[in-house]
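Visitor: Using the sequences and the hints given, assemble the complete structure.
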Amino acid sequence: MTLTAELRDILGHDRVLSEPLERWVYGMDSGVVRGDAQLVAFPETTAEVAAIVRVARHYRTPIVARGAGTGLAGGAIPTQPGLVVVLTKMNSVEIDEANATAWVGPGVINLDLSKQTEPHGFHFAPDPSSQSACTIGGNIANNSGGPHCLAEGSTVGHVLAVELVTADGDVVMLGGPAPDPIGLDLRGVVVGSEGTLGIITKALVRLTPNPPDVRTLLTGFASVEDAAATVSGIIARGVVPAALEMMDQRMTQAVERFVSAGFPTDAAAVLLAEVVGLSAAVEAEAAIISEVARENNATTLRVAADESERAKLWLGRKSAFGAVAQAAPDYYLHDTVVPRTKLVETMTRVYEIADRHGITMLNVFHAGDGNLHPLMAFDSEEEGMLDRVKAAARELVEVCVQVGGALSGEHGIGIEKRDLMKLVFNEADLDAQARIREAFDPAQALNPDKILPAGSRCFDLGRPPLEGMWV
Amino acid sequence: MTSVRSALDGLPAQSSPVDGAPEADVTVAPSSFDEVGAILDTASEHHLRTLIWGGGTHQGYGGRLDPVVVLSTAGLDRVVDFQPEDLTVTVEAGVRVSDLEDLLAGHNLTAALPETPGNASVGGVVSAGISGWRRARYGPTRERLLEVNLVTGDGRQVRGGGRVVKNVTGFDLPRLATGSFGSLGVIVQVCLKLWPLPSARGCVTVADGDAALAAAYRPQAVIECDGTTRVYLGGTPEEVEGQSAALGADPVEGWDWPEDPAGEVQWSLRVPPALLRTAIKEVRGKYSYQAALGVGELRMAGDEGDVSALRTWAESVGGALVLVDGPPGLYERIDPWGTPPPSLSIQNRIVQRFDPVRILNPGRLPGGL
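Note that the protein sequences, when read in sequence, are chains A and B.
Residue numbering for the first sequence follows the numbering used here, starting at 1 and increasing by one per position.
Residue numbering for the second sequence follows the numbering used here, starting at 1001 and increasing by one per position.
There could be a bad hint or two in this list.
[To be verified] Taking beta-carbon pairs under 7 angstroms as the criterion, some of the chain B residues facing chain A (in silico): (1) T1042; (2) H1046; (3) R1049; (4) D1086; (5) G1242; (6) P1258; (7) A1262; (8) G1296; (9) P1356.
FYI, nobody ran anything at the bench for these hints, they're computed from the structure.
Just so it is clear, CB atoms sit at the ideal spot from N, CA and C, and this is done for glycine as well.
Guide: Right, here's the structure in full:
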């Protein structure tokens, strides 16, 4: 028998792909790194996933779980010739209205979940810009964010339980429907682990009540400093908006050419703020935001008059990356976080880096969280350009780390930032993370080479465990 | 290899015994991470069971300990980095929750930690994974933990997470440490995400708590105490007015949080939120109780009664009945946690890798870990 034959015994012929063109498609996600998919499997049940893991282990073939492949950090590509397990066919949704939760398959598309729960008065709060394509399984793997994570937190706060197929092919439930499940919070560490600790086959997610009212404000400023001061000022006044997004002038101009969202193209920076809640509350909060914006010399100040204007503004924001395609054939999008108070300083340095390397840089980001998304638009056909882009990207990350920031706010580490982990963690910190991984998957059969740089596990640190210890 | 006695004598930062802590051969109160590391390295070498002690308010959870060393975090009491504009604060583990919240309140901020903390330390609350009532609005304490510094059982100093409000840089050690009851290491420092303290605060007593939960649109908390239900409101004055109007009542100004239910034996009953009404019917009249509507936790206190049927039911619906505090003899008759979780073998493998000799609070976690 071969792995292909055994997988076809489990899944049937059609749910195992092995042709070169098919494999080529699944060798990439939305990032810039290409992997080597030897085989692609499409399970429909937990039992099938468990069987796939066991047989792949038998053949010592690395396993990479994958949703829609919208990730930008290369988290879903096989770095070694491997088996890609695509979970998009596992897309059941079971809503529990009384508990405001839903059991969902990993393949459910983020926006579809909110559409299905809308008639029940709920939505799934994490809303990445890719929400019309990305899957809940991928959101959980990357602990995805989105504009509305400012007030609601990232995906981890919205996942109560996960059913996990372990590296041994066992099925285990982590977490549960009641608050504070007893024992170590393994659910919390599996979220964001990018498929290295197991394959999620089902998740219990928390749904958020749809707000009774909403106000969306568009403000424009003559300088990035004024916009950033407005962000700080709003928070200092005790208002944590549902979303607080910033775009620089290059980005608003690109977006306006693309979708005509109504952004002021003469402003150096545009802020999009949204507040939700009872009508009286959102009125008051919108008034505070307006006041702070005026104090900081806002040149444009507009409250979306109705749902269609609001939808248009959000379409503009979420189309930003699509809009860039008009500026250049390729783009490289970064995802770093800095303390909110370091936004202006960081952005000034980020523009300097791009200018020095002769790269066009546009910025659109989650200002309230300090989550930057500098985007470099370029043409990879141009001689030496990709190397310049990569060099600029590294400098940019170093700047963010220097001011006390993190490598990634919502896209994950994957392969792209793996070797940068040493910028933020020392040997003992990385070793501790490697020990967590080792406890789940000692052979590194699941998504090998991701997140942690080679050699993270230092066997000369600390003491070896006692043999057979179980206190 | 030195003898155990001379190892104990050689431990740094020795102090007098801590009030309320069980008897031990030595009490230490380190004031630096290096001291904690040196103590745990020696304790691991000589297999010295070590009990970690913060404010002593959550020591009733889990299995009983017969420690050789008591490690008090009282000497780790510094506010390390307070960034009001970034909504973050970094503190050492021994800082009292009440002191921290006082400091934050001076800047109109809160960490939304337990509202009636008593003597609790920040490290103790994080280690026990305890949340305040306002989790109904802001989520549990584990949602607040941005960064953690641990000294592992064998004395390694480890940091996870970072001091920014949004972060997916590597495995989530802060969340794993929250509620770990010291099994991975001594939590020596944490960075917490903060929230603005609402400018207006009020309380409304209502007849139907379940209806109020929906009508008030995300109140700070809805608590039913022995049949009386109060809705805790907060936000801009307009928000509190709007919420009160939706509830059809005028609020009493301010928040008056309930003290823990009185009784010799204290339990935490945890069920899916929609089943809390069923849980209340079960315990009403038999125990003094406080139920967090919309959350699914019910704190109850009373005499040593037979809780086996209640625990069986709670576990059958995906919850638990956890012993929070009680007389020592009770722990010999009943497992304080109940049925251990199905992931016990993975949990054991993680604990082994952080506390290889298993000296820190051994046996405190579910399943005797």
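Visitor: Please list, smallest to largest, the hint numbers that this structure does not respect.
Guide: Numbers 1, 2, 3, 6 and 7, in rising order.
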